[in-house]
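Student: For the sequence shown, the numbering used here begins at 578 and goes up steadily by one.
Calculated from the structure, these hints are not laboratory results.
A quick note: this is a predicted structure, and the numbers were derived from the prediction, not measured.
We treat Cβ as the ideally placed atom computed from N, Cα and C, and that holds for glycine.
One thing to keep in mind: the hints can contain errors.
Quick list of simulated restraints, FRET-style, between CB atoms [stated by the list, open to error]:
no.	residue 1	residue 2	range
1	R711	V614	14 to 22 Å
2	F621	L664	16 to 24 Å
3	S636	S599	26 to 34 Å
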Amino acid sequence: MALQSTTRSRLIIPALAPVYTSAHEIVETILRVTAGVLLVTHGFGKITNPFGAAGMVESLGFYPGVFWSPLLAATEFFGGILVTIGLFTRPASFAAMIVLLVTVYFHGIAQNQGLAGAEKSILWAAIFLFFALRGGNSQSVDARLGRTF
């Protein structure tokens, strides 16, 4: 209660405190589900052709491509499903963050696109960093199972 009264006294419009307090859990869930679904969507093309990115990953120095390409596909597709439902949220988010940091390098440095090419990946990496540290919240399978990673 002390936290809410402290927060309420700092708000420019104190009457909004109940809205902020009640909405934060659902908004966090919406962000997690959205990020997970978009990662699944992004990984769908890769999972249907798991060796299709072998040349691309080798061009980034990840050899052999026949190992890394299916791993990339699985991380995006299955990791996205796990993040969406909130199961093993932390490790799945951490893996997605690593993939996205590689894309920051790929677009920003290897493709010489700078910030303009890397900014989406930076944003996505930050979102997955949040869930890697935070976990899935009470609206997740992790919470329903009563165990988190």
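Student: Now tell me, hint by hint, if it's right for this structure.
Tutor: Going through the hints against the structure:
1. R711 <-> V614: 14 to 22 Å: This hint holds: roughly 18 Å between Cβ atoms.
2. F621 <-> L664: 16 to 24 Å: Taking Cβ atoms as reference, F621 and L664 lie about 19 Å apart, which means the hint holds.
3. S636 <-> S599: 26 to 34 Å: Distance hint for S636, S599 is violated at roughly 48 Å.
Consistency with the previously given hints fails for number 3 only.
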